[in-house]
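Visitor: The whole structure should be built from the sequences, with the hints applied where relevant.
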Amino acid sequence: MGRTALFLVLGLGMAMGYIGMQMYRADQDAMETQYAYMKFMFARNLARTAVHAALRSYDRNENPQVHVQTSFNGGTFELDSLQSSADLDTLRMVTRGTYAESTYVIKLKLYRTTRPFPGVNAAIGIRAEPVSFSLSGKASVDGRAYDTTGTTLLGTGDKAGVTTMEPADSANVATVGGTNIKGLPPVKVDTSVIDPKAFLDIYKNNADFFYNTPGTYSSVTWGSSSNPVIVYCNAGDDTSFSIKFTGGVNGWGILVVRGNVQFNGNLNFYGLVIVDGFNTTVSFGAAGTPGVVGGMIVAGNAGASVTLKGTGANAKVVYSPGALGKARNIGRLRYYTILDWFE
Amino acid sequence: MSSMIDMVGAAILFGVLILSVARVQGNLNTTLAQNTFNITTQTTAMSLARTIEYEISKAGYNVTGVRVTYADSTKITFRGGMAYGAAPDSITYEIGGSDSTTMNPNDSRFIRTVHSSTPISQRLGMTEFKITYYDTAGVKMATPVTGANRLAIRGINIRFRVESAEPVTDASTGLSNYNAVTWEKLTFPRNLGRPF
Numbered sequence: 001m002g003r004t005a006l007f008l009v010l011g012l013g014m015a016m017g018y019i020g021m022q023m024y025r026a027d028q029d030a031m032e033t034q035y036a037y038m039k040f041m042f043a044r045n046l047a048r049t050a051v052h053a054a055l056r057s058y059d060r061n062e063n064p065q066v067h068v069q070t071s072f073n074g075g076t077f078e079l080d081s082l083q084s085s086a087d088l089d090t091l092r093m094v095t096r097g098t099y100a101e102s103t104y105v106i107k108l109k110l111y112r113t114t115r116p117f118p119g120v121n122a123a124i125g126i127r128a129e130p131v132s133f134s135l136s137g138k139a140s141v142d143g144r145a146y147d148t149t150g151t152t153l154l155g156t157g158d159k160a161g162v163t164t165m166e167p168a169d170s171a172n173v174a175t176v177g178g179t180n181i182k183g184l185p186p187v188k189v190d191t192s193v194i195d196p197k198a199f200l201d202i203y204k205n206n207a208d209f210f211y212n213t214p215g216t217y218s219s220v221t222w223g224s225s226s227n228p229v230i231v232y233c234n235a236g237d238d239t240s241f242s243i244k245f246t247g248g249v250n251g252w253g254i255l256v257v258r259g260n261v262q263f264n265g266n267l268n269f270y271g272l273v274i275v276d277g278f279n280t281t282v283s284f285g286a287a288g289t290p291g292v293v294g295g296m297i298v299a300g301n302a303g304a305s306v307t308l309k310g311t312g313a314n315a316k317v318v319y320s321p322g323a324l325g326k327a328r329n330i331g332r333l334r335y336y337t338i339l340d341w342f343e
Numbered sequence: 344m345s346s347m348i349d350m351v352g353a354a355i356l357f358g359v360l361i362l363s364v365a366r367v368q369g370n371l372n373t374t375l376a377q378n379t380f381n382i383t384t385q386t387t388a389m390s391l392a393r394t395i396e397y398e399i400s401k402a403g404y405n406v407t408g409v410r411v412t413y414a415d416s417t418k419i420t421f422r423g424g425m426a427y428g429a430a431p432d433s434i435t436y437e438i439g440g441s442d443s444t445t446m447n448p449n450d451s452r453f454i455r456t457v458h459s460s461t462p463i464s465q466r467l468g469m470t471e472f473k474i475t476y477y478d479t480a481g482v483k484m485a486t487p488v489t490g491a492n493r494l495a496i497r498g499i500n501i502r503f504r505v506e507s508a509e510p511v512t513d514a515s516t517g518l519s520n521y522n523a524v525t526w527e528k529l530t531f532p533r534n535l536g537r538p539f
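Note that the protein sequences, when read in sequence, are chains L and U.
Under our numbering, think of the first position of the first sequence as 1, with each following residue one higher.
Under our numbering, think of the first position of the second sequence as 344, with each following residue one higher.
Please keep in mind that the hints were generated in silico from the structure rather than gathered at the bench.
Just so you know, not all the hints are guaranteed correct.
Said to hold, decoys possible - Going by beta-carbon spacing under 7 angstroms, a handful of chain U positions derived as facing chain L:
1. Ser345
2. Asn381
3. Ser400
4. Phe531
5. Pro538
Note that CB positions come from ideal geometry on N, CA and C, so glycine has one too.
Guide: So this is what it looks like as structure tokens:
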């Protein structure tokens with residue numbers, strides 16, 4: 001009896017073990033089916049991440065590295081190949097995402113361009129009518145085309161020094177500026193100056209430097225010649241110069257000031273300066289040598305004021321198509337159109 | 344006398360044991376059947392999902408002009424090269440008629456057509472197949488999408504539900520269930536937005 005019971009228990013145990021293994025195998029099969037799909041999805045996401053990483057490298061004015069594996073989220077991604085046209089407007093790339101034993105490859109061709117840019121066909125383009133304009137001291141405005149440093153005349157592509165919306169303003173600016181305004185011609189009427197308002201949100205959302213509190217700023221550097229940036233200053237509607245830049249300020253790219261701005265001391269900005277507000281006042285203070293190389297758009301309500309003073313010889317606004325071109329090509333303002341995408 | 348009691352006791356114990364084993368065996372069979380249907384349904388769903396993802400992501404690749412040629416809530420036809428640099432194929436997905444070969448009263452055939460070849464009618468246990476479309480602004484489009492509106496399609500959301508062909512009956516409750524997998528994915532085929 002005892003022996004029979006022992007065999008019975010042993011037999012039951014073996015049967016249970018066999019059934020248990022069958023169930024475990026079934027569970028494992030189900031899990032592997034899900035896991036295989038998960039690996040495929042992860043590999044695909046990593047391959048897409050490689051595309052985004054490469055484009056973000058361009059945005060930072062860096063060259064994406066080919067055949068460099070980056071570990072991310074338990075897998076890796078890399079750029080298998082990268083080819084671009086000479087002017088970088090067409091990019092071909094092959095990316096690879098790997099997760100466990102799953103690999104996903106994407107081959108694509110992109111067209112790279114920049115967002116619409118509020119062009120300025122003068123050293124200072126004024127889009128407010130009427131405008132109050134005064135110029136004194138050694139301050140000057142020069143619409144002739146300079147190189148990106150603002151030191152050498154190009155000899156071609158000269159623009160007007162100042163453009164206004166109304167003939168009366170144009171005449172007033174010409175009288176007030178006299179020989180301190182140069183250009184082809186020094187002053188003219190140009191009603192085609194683009195209202196920069198449509199661009200401000202883009203610049204605000206992509207700003208590298210954002211000043212949201214009124215104040216005085218000095219000894220700051222915004223970007224570099226090879227890495228222009230976006231600076232956004234929200235000065236508000238305070239007419240008492242709520243944003244002031246004084247001494248040791250250097251910047252490259254796009255400087256947006258909502259409200260009033262006063263440039264004092266030694267300031268050098270290379271690119272596009274947009275001053276927009278309800279009752280805009282742009283003032284170059286009497287002290288120091290503030291300078292803008294590129295172009296400036298002043299937009300605001302009737303009565304907007306532009307005051308240029310400055311004691312130093314460099315207190316000036318000069319037109320530079322090269323500096324404006326660099327501002328247009330800020331990495332964050334580029335966008336890509338898909339020409340081919342194979343995955 | 345004592346050996347008689349032993350034998351009767353052993354018989355009772357054996358009977359209880361056999362009944363228990365039979366009950367366990369019944370439950371195990373149900374579980375195994377559930378697992379088998381589960382695996383089958385999952386494998387079917389994943390396989391179909393991979394096929395749809397593979398093909399739908401190529402919609403518009405190497406195609407000039409209209410990329411989605413037919414866009415309704417249960418049928419889609421799109422064009423796209425299925426291999427790198429390949430000429431475009433035309434692919435159609437649609438839900439077919441009811442599948443009378445299974446015990447599941449709700450399943451229908453899934454029909455996939457490549458080019459104008461004979462449609463492949465598949466018995467996958469599909470009980471739901473729904474397609475929605477999104478335009479350039481990410482707004483859901485009314486179906487069917489026709490005419491020039493098809494050029495505005497940027498996102499394609501596909502949802503399907505696959506159920507087992509046979510039900511699994513719970514021995515204790517007597518309730519029958521069909522194993523099911525629902526898959527849904529909104530895809531933005533990159534080539535649909537190409538400028539030419």
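Visitor: Determine for every hint whether it applies to the structure shown.
Guide: Tested hints:
no.	hint	result
1	Ser345	12 angstroms, violated
2	Asn381	6 angstroms, holds
3	Ser400	5 angstroms, holds
4	Phe531	10 angstroms, violated
5	Pro538	6 angstroms, holds
Checked against the numbered hints given earlier, this structure breaks hints 1, 4; the rest are met.
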